[in-house]
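Colleague: Take these sequences, add in the hints, and give me the full structure.
Protein chains: 2
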Amino acid sequence: MHLLVDVLGIESGGKPIVFLNNSDAGEIGVTASGRVSLRAKKEITAIVNISTRTVKKGHIGISEEVRQLLGRTPQKIDVEISAFPKSLQFIRNKLEGRKLLKDEVFEIVKGVVDGTLNESEIASFVTALHIRGLDLDEATSLSQSMVETGNQLNLQNKVIVDKHSIGGVPGDKTTLLVVPIVAAAGLVIPKTSSRAITSAAGTADRAESLMPVTLSAAEMKKTIKKTNGCIVWGGALDLAPADDIFVKTEYSLYIDPLLLPSIMSKKKAVGATHVVLDIPTGRGAKVKTINEADHLAKDLIELGRRLKMHTHCVLSYGEQPVGHSIGPALEAKEALEVIMNEINVPDLVDKACKISGAIFEITGHKNGYAMAQEILRSGRAEKKLRQIIAAQGGNPMVRPRDIPIGSETIRLKAKNDGKLLWINNSSIVEIARMAGAPKDRGAGIVFNKKIGDNISKDDVIFTVYAEKSRKLSRTEDLIEQLNPVGIGKRTDMIIHMVTEIPEIKRSFVLER
Amino acid sequence: MHLLVDVLGIESGGKPIVFLNNSDAGEIGVTASGRVSLRAKKEITAIVNISTRTVKKGHIGISEEVRQLLGRTPQKIDVEISAFPKSLQFIRNKLEGRKLLKDEVFEIVKGVVDGTLNESEIASFVTALHIRGLDLDEATSLSQSMVETGNQLNLQNKVIVDKHSIGGVPGDKTTLLVVPIVAAAGLVIPKTSSRAITSAAGTADRAESLMPVTLSAAEMKKTIKKTNGCIVWGGALDLAPADDIFVKTEYSLYIDPLLLPSIMSKKKAVGATHVVLDIPTGRGAKVKTINEADHLAKDLIELGRRLKMHTHCVLSYGEQPVGHSIGPALEAKEALEVIMNEINVPDLVDKACKISGAIFEITGHKNGYAMAQEILRSGRAEKKLRQIIAAQGGNPMVRPRDIPIGSETIRLKAKNDGKLLWINNSSIVEIARMAGAPKDRGAGIVFNKKIGDNISKDDVIFTVYAEKSRKLSRTEDLIEQLNPVGIGKRTDMIIHMVTEIPEIKRSFVLER
Chain A
1 MHLLVDVLGI ESGGKPIVFL NNSDAGEIGV TASGRVSLRA KKEITAIVNI
51 STRTVKKGHI GISEEVRQLL GRTPQKIDVE ISAFPKSLQF IRNKLEGRKL
101 LKDEVFEIVK GVVDGTLNES EIASFVTALH IRGLDLDEAT SLSQSMVETG
151 NQLNLQNKVI VDKHSIGGVP GDKTTLLVVP IVAAAGLVIP KTSSRAITSA
201 AGTADRAESL MPVTLSAAEM KKTIKKTNGC IVWGGALDLA PADDIFVKTE
251 YSLYIDPLLL PSIMSKKKAV GATHVVLDIP TGRGAKVKTI NEADHLAKDL
301 IELGRRLKMH THCVLSYGEQ PVGHSIGPAL EAKEALEVIM NEINVPDLVD
351 KACKISGAIF EITGHKNGYA MAQEILRSGR AEKKLRQIIA AQGGNPMVRP
401 RDIPIGSETI RLKAKNDGKL LWINNSSIVE IARMAGAPKD RGAGIVFNKK
451 IGDNISKDDV IFTVYAEKSR KLSRTEDLIE QLNPVGIGKR TDMIIHMVTE
501 IPEIKRSFVL ER
Chain B
1001 MHLLVDVLGI ESGGKPIVFL NNSDAGEIGV TASGRVSLRA KKEITAIVNI
1051 STRTVKKGHI GISEEVRQLL GRTPQKIDVE ISAFPKSLQF IRNKLEGRKL
1101 LKDEVFEIVK GVVDGTLNES EIASFVTALH IRGLDLDEAT SLSQSMVETG
1151 NQLNLQNKVI VDKHSIGGVP GDKTTLLVVP IVAAAGLVIP KTSSRAITSA
1201 AGTADRAESL MPVTLSAAEM KKTIKKTNGC IVWGGALDLA PADDIFVKTE
1251 YSLYIDPLLL PSIMSKKKAV GATHVVLDIP TGRGAKVKTI NEADHLAKDL
1301 IELGRRLKMH THCVLSYGEQ PVGHSIGPAL EAKEALEVIM NEINVPDLVD
1351 KACKISGAIF EITGHKNGYA MAQEILRSGR AEKKLRQIIA AQGGNPMVRP
1401 RDIPIGSETI RLKAKNDGKL LWINNSSIVE IARMAGAPKD RGAGIVFNKK
1451 IGDNISKDDV IFTVYAEKSR KLSRTEDLIE QLNPVGIGKR TDMIIHMVTE
1501 IPEIKRSFVL ER
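Here the protein sequences line up with chains A and B, keeping their order.
Position 316 (the first sequence) corresponds to 316 in our numbering; numbering is contiguous.
Position 253 (the second sequence) corresponds to 1253 in our numbering; numbering is contiguous.
In case anyone wonders, no lab produced these hints; they're calculated from the structure.
It is possible that part of the hints are untrue.
Claimed, not checked - So these bits of chain B aren't anywhere near chain A, every CB distance computed over 10 Å:
| id | residue |
| --- | --- |
| 1 | K1042 |
| 2 | K1102 |
| 3 | V1126 |
| 4 | G1150 |
| 5 | T1249 |
| 6 | N1344 |
| 7 | A1370 |
| 8 | H1496 |
As the list claims (entries may be wrong) - These stretches of chain B come out as covered by chain A in the derived footprint (C-beta under 8 Å, 3 or more residues):
| id | region |
| --- | --- |
| 9 | 1047 to 1058 |
| 10 | 1313 to 1319 |
| 11 | 1392 to 1404 |
Glycine included, each C-beta is placed from N, C-alpha and C at the ideal position.
Modeller: Below you can see the structure in the form of structure tokens.
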């Protein structure tokens, strides 16, 4: 059926959407959320919205996404109901509990990326993966398909290393130290990172306080050629783009069945040959127990093997923030001070050197930890970081005090003497986000005390920074409500209460 | 955060949707598909779309749905991130396999109806119900919640009867006979029907060839008061509106876990006290085996008991179309001819009298079948139908030849002698839909032969009717491809082949 094209000037968040008049939709035989084929010079598939008033009979309203896919906008376009997509048949198979083969997984991932599958169908697939589970064959197929449906970096180096954290622990600026340490030793590390989704800062957010991180693939390659390393935002590179779509659905549903393929596809897409994965472990982290973390590590290593990447995992202590600071600018500042050897943050330094050391050892070096320590202490890591900053277009002379921090502050003081017994990571993340992080880069939290420290009444436990006083005042209420730290005696026996009133969990660690 | 309101003039299919600029969304802390609270005079919840170009910073674009919910359109509106909805917590519980309690189910159904839950979340819930299953407690809660979140008819009669077919067999115009037969006997039958979703005609589509079916609740009540019965489209009455939303999702996913609550909530919403349900059974129907149908019947009866409706089920032969005709006008014509005793269609008459008889017997009458036959043969059923037509605003003098039928035809002729061994219902539905049904009311199929009939080469098996020659020509190809009927000897042993090439099932019986 031929319809006149109305450009609506509306964006639909990446999905190709068209608007049809009710009557034309009936004629074509399609319902809302159904699919039509649009045929002008190109043929594309779009998802249907039905509208009785916006679009007149005989017309079709197209979103910006559709306009771009069509290339030149035709006056008239041939619109027919789409054939039943094979990908949906395969999703239905998974719903029934059937294992998916590589070709079938590829068809689904392609449908996700090209917009053939609508939101409901993707949500159903993610739900089915969550309930039915996916085995390592399926995880491998998903990883490969996610790589194949996106860009790949194609560096020519024989050894390419990468690191990644499963996430879940606030203040984890380890990557800002690991990349320069590893690159300073001559290893190629094309590090891509994500922005925060549910956390207070992603590595891309942290790095952005030091340098531009939105680079093209060509600029990224140039940086690596010059310096061996980079710290860029992965979102602009279209590496494993299916993952970005899956993540949105997972976030909405508070589940993350695609954790493994998501992580490993991003590593494979940059061409990594050797990978070290950090699994922060503890009650406040994504992975709660060491046993659980060991199982996850085994799966990740096996998945790595199938994808032809040597993989080691590091289980790290995840019950409290890493270092003292949380929030993009505050974390960048702390990392810069540490790499300049201006301050000593023992847990951050230990973690960075252990992970760097693991990277050295998986690529055949000995005494990796000592090697990393030496590179950090000697100033070679700082020099390398400044080279990377310069190559990515930042100011290589940047000093910690140049990084703007929110000027509005409140402090949490101890109400009694004792020891700091615990810090609730998810409450800390909520507080930092309420204060404005990661959107307000200068917002966040700085801890004066960490678990095990002796506390006297009125000691400052942490300081909250915000850029806007409005956000700070609402943070104050939240702190009162959340009870984010525990101070007591070492002989206090009660861990916490579980009460009758169902507590709705507001925080969810999606970062990976 | 206060934003200026832009009325976009866009409808979003019932869901309250707003468009935010990327930067404002970040400031509010919400992502695409997230939820915001809009506070003007009223407070409502809306789902967020992110747009970088359509909506300027400091503005919020609102859909027609949101404009209507807000009442008067304010210039400025306070927009904040919504609290985490409890309903989503309960959906997550179901994902984990936990049984849902009444209050929890109600919260979810309310979230579906008021737009708090987005499409992905609803799809996830429907998927979880499909995979995890729902027990009769949950089915009861769902039925009750679906009734409570919609309108209810509130007739004052002590006995109110209703009938329903699980669906899946084409040509099933039984309701057009049952309602007048039952009403002629003095029973109150407030019949609401749906339009076709995946079939060639719904009862509302069929009835519409005889009379208006889009009545308000008040008009429906007036009709019933006058005539004891009605045949109206349920979609305009807002009875169990959650079901209409669930159906869309189910259709998209080709699953229907909500079958039982969907049927029973619609019956409860009209206030039925006695219900007879038809379960067409056979390989071409929704329910394939008698054993399966018996199980379903037991569940439906128990669900009825819990909802305080006396329920009987009728298992009927579902391997071929009921009567000879398929398509809205053709079926209306056949029903009218039968009720006028102009033609004899034994299977249709038997089914209509058996179901009417079951309704008579469940309300305490004896010899229900004979009673129904008598009402039909005597012309009292025809008289009652014409009263109902008049009361609903149609022409009570309507004759079969007044009903317009498509003038374009093709015929399927037998290629060999033999017996008609089988008719593939779903192929028949596909062919009728390809010819234009239900949108083109005069399109459809008329069978000359039925299963078991003797066939000679070149006998006409069926005739396809269409209103548009374009649709007829594409139907011809489809018939060739589908092989919709089997003619052979009674000693032919092969039922069908299952081959290597995966066959993608295009048809799906959602009607219920």
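Colleague: What hints, given by number in increasing order, does this structure fail?
Modeller: Those not satisfied are hints 3, 5, 10, 11.
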